[in-house]
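Same order as they appear, the protein sequences are chains A and B. What the first sequence shows, in the working numbering, is residues 3 to 336, in sequence order. What the second sequence shows, in the working numbering, is residues 3 to 336, in sequence order.
Incorrect hints may appear among the rest.
Heads up, the list lumps identical chains together, so a pair's fine if it works in one copy or across two of them.
Distance condition first, Cα-Cα at most 20 Å in a straight line; then the derived EDC-like pairs of lysine to aspartate or glutamate [claimed, not checked]:
1) Lys207 - Glu220
2) Lys53 - Glu77
3) Lys316 - Glu273
4) Lys213 - Glu258
5) Lys239 - Glu54
6) Lys195 - Glu258
7) Lys204 - Asp224
8) Lys25 - Asp84
9) Lys204 - Glu220
10) Lys70 - Glu258
11) Lys207 - Glu258
12) Lys207 - Asp224
13) Lys204 - Glu217
14) Lys53 - Glu142
15) Lys207 - Glu217
16) Lys178 - Glu188
17) Lys316 - Glu248
18) Lys316 - Glu258
19) Lys57 - Glu322
20) Lys275 - Glu311
21) Lys239 - Glu217
Everything labelled a hint here was simulated from the structure, so no lab data went into it.
The primary structure of each chain is shown beneath.
Number of protein chains: 2
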Amino acid sequence: MRIKENASCRLLNLSQTARFLKKHDNYVILTHASPDGDTLGSAYALYYGLKEIGKCATVLCPEVIPSKYDYFVRETDHIKGDNTTVIAVDVADKSLLGSLKDEFGDRVDLTIDHHISNTMYAQNLYLDSAASATCEIIYELLLKMRVNVNDITAKALYTGIATDTGCFKYSCVTAKTHIIAAELYEFELDAAKINKLMFDTKSRKLVELEKMVLEGAEYHFDGRCMLLCVTADMQEKTGCSGTDLEGIAVLSRSVEGVIAGVTLKQTGDNEFKASLRTYPPLNASAICKQLGGGGHTAAAGATVNGSLEEVKSKVLGFIEKALEETDDRSATCK
Amino acid sequence: MRIKENASCRLLNLSQTARFLKKHDNYVILTHASPDGDTLGSAYALYYGLKEIGKCATVLCPEVIPSKYDYFVRETDHIKGDNTTVIAVDVADKSLLGSLKDEFGDRVDLTIDHHISNTMYAQNLYLDSAASATCEIIYELLLKMRVNVNDITAKALYTGIATDTGCFKYSCVTAKTHIIAAELYEFELDAAKINKLMFDTKSRKLVELEKMVLEGAEYHFDGRCMLLCVTADMQEKTGCSGTDLEGIAVLSRSVEGVIAGVTLKQTGDNEFKASLRTYPPLNASAICKQLGGGGHTAAAGATVNGSLEEVKSKVLGFIEKALEETDDRSATCK
Numbered sequence: 003m004r005i006k007e008n009a010s011c012r013l014l015n016l017s018q019t020a021r022f023l024k025k026h027d028n029y030v031i032l033t034h035a036s037p038d039g040d041t042l043g044s045a046y047a048l049y050y051g052l053k054e055i056g057k058c059a060t061v062l063c064p065e066v067i068p069s070k071y072d073y074f075v076r077e078t079d080h081i082k083g084d085n086t087t088v089i090a091v092d093v094a095d096k097s098l099l100g101s102l103k104d105e106f107g108d109r110v111d112l113t114i115d116h117h118i119s120n121t122m123y124a125q126n127l128y129l130d131s132a133a134s135a136t137c138e139i140i141y142e143l144l145l146k147m148r149v150n151v152n153d154i155t156a157k158a159l160y161t162g163i164a165t166d167t168g169c170f171k172y173s174c175v176t177a178k179t180h181i182i183a184a185e186l187y188e189f190e191l192d193a194a195k196i197n198k199l200m201f202d203t204k205s206r207k208l209v210e211l212e213k214m215v216l217e218g219a220e221y222h223f224d225g226r227c228m229l230l231c232v233t234a235d236m237q238e239k240t241g242c243s244g245t246d247l248e249g250i251a252v253l254s255r256s257v258e259g260v261i262a263g264v265t266l267k268q269t270g271d272n273e274f275k276a277s278l279r280t281y282p283p284l285n286a287s288a289i290c291k292q293l294g295g296g297g298h299t300a301a302a303g304a305t306v307n308g309s310l311e312e313v314k315s316k317v318l319g320f321i322e323k324a325l326e327e328t329d330d331r332s333a334t335c336k
Numbered sequence: 003m004r005i006k007e008n009a010s011c012r013l014l015n016l017s018q019t020a021r022f023l024k025k026h027d028n029y030v031i032l033t034h035a036s037p038d039g040d041t042l043g044s045a046y047a048l049y050y051g052l053k054e055i056g057k058c059a060t061v062l063c064p065e066v067i068p069s070k071y072d073y074f075v076r077e078t079d080h081i082k083g084d085n086t087t088v089i090a091v092d093v094a095d096k097s098l099l100g101s102l103k104d105e106f107g108d109r110v111d112l113t114i115d116h117h118i119s120n121t122m123y124a125q126n127l128y129l130d131s132a133a134s135a136t137c138e139i140i141y142e143l144l145l146k147m148r149v150n151v152n153d154i155t156a157k158a159l160y161t162g163i164a165t166d167t168g169c170f171k172y173s174c175v176t177a178k179t180h181i182i183a184a185e186l187y188e189f190e191l192d193a194a195k196i197n198k199l200m201f202d203t204k205s206r207k208l209v210e211l212e213k214m215v216l217e218g219a220e221y222h223f224d225g226r227c228m229l230l231c232v233t234a235d236m237q238e239k240t241g242c243s244g245t246d247l248e249g250i251a252v253l254s255r256s257v258e259g260v261i262a263g264v265t266l267k268q269t270g271d272n273e274f275k276a277s278l279r280t281y282p283p284l285n286a287s288a289i290c291k292q293l294g295g296g297g298h299t300a301a302a303g304a305t306v307n308g309s310l311e312e313v314k315s316k317v318l319g320f321i322e323k324a325l326e327e328t329d330d331r332s333a334t335c336k
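Could you build all of it, start to finish, from the sequences and the hints given here?
Structure follows, in structure tokens:
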């Protein structure tokens with residue numbers, strides 16, 4: 003694990019993190035913006051765990067939590083005063099705190115994360131980049147703290163692990179991931195219901211949108227790159243927006259021969275959210291970093307400004323460069 | 003477990019099945035027609051296991067094995083003479099043996115299966131309907147026989163479990179399923195590569211076909227039923243056929259509010275393969291049985307003759323009836 007040096011950030015191990023959580027109180031647990039199953043699952047599982055040991059805690063999400071997570075989301079405590087302990091879960095950089103950044107960005111006491119790209123913005127960091135999801139870490143942390151896991155905590159944890167691994171599909175999954183899943187099955191989990199909700203529940207309007215998006219699919223660089231666009235016009239026509247669009251990026255990575263799937267979602271007049279999904283030897287995180295974004299090796303994103311044509315050309319330019327570098331490397335190896 | 007009585011079929015338990023396999027030799031292992039990951043994974047894992055204990059064995063599949071399974075499919079032994087032991091894996095009824103039915107249908111010595119709908123056509127049956135996949139049973143059987151599992155066997159077993167569970171998504175998954183997956187991860191498995199191949203590798207022509215199919219999507223019974231048609235014309239225009247079409251049925255079960263997803267694939271001038279995917283309280287197997295087919299509670303199929311309009315009306319008729327019965331039951335409960 004190589005992470006950027008940051009003198010003011012102390013790296014903790016699991017035991018130290020458990021001790022930290024037992025020692026402090028009045029926890030403000032932060033999730034990242036565009037909240038997904040892992041950041042929300044981690045925040046609520048940690049919340050329920052802290053409640054079990056008599057702590058006060060609240061969960062703050064920079065955006066409205068999508069209703070599909072209602073089965074594990076509950077009202078949390080009201081934390082008053084300045085004597086709080088701020089924890090960010092699954093938040094790789096303070097910029098990802100969105101609307102909470104100004105208030106909390108520079109006073110995060112502890113981050114618990116699995117992103118290798120974590121920028122060490124917190125006072126303390128527990129990073130396990132081998133974990134498939136931050137929820138995997140939270141589960142181990144709860145065991146280490148000897149906190150009782152209950153049904154709702156299990157649901158939150160399972161949700162994070164399932165969503166961050168594409169339901170145990172991706173390369174981040176390890177034997178440990180499956181063992182934790184097996185242990186969570188001991189609770190009233192109804193994993194099939196969770197999976198249906200997370201993976202197999204498209205609104206009819208989304209089916210409409212997907213049809214439009216596929217209609218405009220472009221293939222580039224000998225079919226190694228698939229590009230999908232979700233224009234403002236398409237969003238307006240179908241009524242899809244925000245979290246409706248979450249699943250679209252997956253479409254771009256499932257076509258034979260494609261090792262770079264790009265989805266451009268229009269988020270403003272001259273603003274697009276680029277989502278990149280790659281297969282080896284391409285590195286989505288490295289490409290998105292050049293675009294001012296970040297993420298994982300296989301899935302990353304960036305916000306890119308310009309007209310659709312400008313953004314396309316910019317993103318495709320970096321992908322072409324990455325493909326050429328890959329070709330050069332394999333030529334050298336021969 | 004309730005199964006139809008059949009005096010001539012002996013029900014075995016795991017130990018008896020292991021003893022049976024150790025006792026006999028010259029195994030002919032049969033898969034079902036339209037071979038999927040579970041029947042092929044079971045057949046090859048069993049083959050490799052039997053080879054480990056010095057037995058002669060061959061795998062027979064009624065159809066050409068799709069090349070995507072090449073990573074665990076190898077040439078098997080040539081079995082000569084009449085002194086063979088015939089085993090069917092994941093084959094619920096002898097009619098599913100397809101082109102192998104005439105030769106082997108009435109002389110299967112042992113069936114190993116997880117389908118509750120198994121018709122007990124064999125001399126001996128080991129049925130575990132709680133197993134998510136027949137590969138789960140084969141894994142336990144290999145352990146019971148104290149046979150070494152190796153990398154290729156692990157790949158075959160993982161493939162069967164992953165494909166029959168929608169990659170650990172469906173309600174057939176148990177804690178045991180995840181424990182077995184964790185144990186298989188101890189081998190050189192590259193599960194992510196297998197999953198990419200099984201779940202996320204669409205040909206471009208399939209993307210074209212999906213677009214056409216979605217274009218003609220019909221919703222019935224207040225949106226509780228989605229009907230998709232894959233006509234011969236669509237197959238011809240896109241060049242998709244056979245196993246290309248495997249994934250289409252999944253589209254029909256992923257729309258919000260839909261509890262009956264029907265996919266009609268044209269297989270002849272007046273012949274359609276109906277694939278039904280349901281959610282509780284509907285029972286796909288019960289509906290397909292009325293159409294002369296069968297399968298699981300959540301996924302079943304039948305071959306239906308007639309013009310597209312006739313077949314539609316027939317299939318929708320049974321679904322409407324099932325929905326009405328459901329409505330009646332819930333009305334009575336109130």
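Verification of the hints:
In the homo-oligomer, the alpha carbons of Lys207 and Glu220 lie at most 20 Å apart only across protomers (14 Å), although the nearest pairing inside one protomer, at 22 Å, exceeds that limit. With identical chains, the CA atoms of Lys53 and Glu77 are at most 20 Å apart within one copy only, with a shortest distance of 12 Å there and 59 Å across copies. In the homo-oligomer, the alpha carbons of Lys316 and Glu273 lie at most 20 Å apart inside one protomer (13 Å), although the nearest pairing across protomers, at 50 Å, exceeds that limit. In this homomeric assembly, Lys213 and Glu258 come within 20 Å of each other (Cα to Cα) both inside a single copy, at 19 Å, and across copies, at 16 Å.
Taking the shortest alpha-carbon separations for Lys239 and Glu54, neither the intra-copy value of 47 Å nor the inter-copy value of 61 Å comes in at or below 20 Å. For the homomeric pair Lys195 and Glu258, the shortest alpha-carbon distance between copies (13 Å) is at most 20 Å, but the shortest distance inside one copy (30 Å) is not. Proximity of Lys204 and Asp224 under a CA criterion of 20 Å is satisfied inter-copy only: 16 Å between copies versus 31 Å inside one chain copy. In the homo-oligomer, the alpha carbons of Lys25 and Asp84 lie at most 20 Å apart inside one protomer (17 Å), although the nearest pairing across protomers, at 75 Å, exceeds that limit.
Taking the shortest Cα distances, Lys204 and Glu220 sit within 20 Å of each other only across copies (15 Å), while inside one copy they are farther apart (23 Å). Taking the closest pair of Cα atoms, Lys70 and Glu258 come within 20 Å of each other only across two copies (12 Å); inside a single copy the shortest separation is 31 Å, beyond that limit. In the homo-oligomer, the alpha carbons of Lys207 and Glu258 lie at most 20 Å apart only across protomers (10 Å), although the nearest pairing inside one protomer, at 26 Å, exceeds that limit. Taking CA atoms no more than 20 Å apart as the test, Lys207 paired with Asp224 passes between copies only; the shortest distance there is 16 Å, against 32 Å inside one copy.
Taking the closest pair of Cα atoms, Lys204 and Glu217 come within 20 Å of each other both inside a single copy (18 Å) and across two copies (16 Å). For the identical chains of this complex, Lys53 and Glu142 are intra-copy neighbours only, at 17 Å inside a copy versus 41 Å across copies, given an alpha-carbon limit of 20 Å. Proximity of Lys207 and Glu217 under a CA criterion of 20 Å is satisfied in both settings, with 15 Å inside one chain copy and 13 Å between copies. Within a single copy, Lys178 and Glu188 get their C-alpha atoms as close as 16 Å, and across copies as close as 10 Å, so both meet the 20 Å cut-off.
Taking the shortest Cα distances, Lys316 and Glu248 never come within 20 Å of each other, neither inside one copy (23 Å) nor across copies (37 Å). For a Cα distance limit of 20 Å, the shortest separation of Lys316 from Glu258 qualifies neither inside one copy, at 24 Å, nor across copies, at 36 Å. Within a single copy, Lys57 and Glu322 get their C-alpha atoms no closer than 52 Å, and across copies no closer than 53 Å, so neither meets the 20 Å cut-off. Taking the closest pair of Cα atoms, Lys275 and Glu311 come within 20 Å of each other only inside a single copy of the chain (14 Å); across copies the shortest separation is 44 Å, beyond that limit.
When the C-alpha separation of Lys239 and Glu217 is checked against a cutoff of 20 Å, the pair qualifies both within a copy, at 15 Å, and between copies, at 16 Å.
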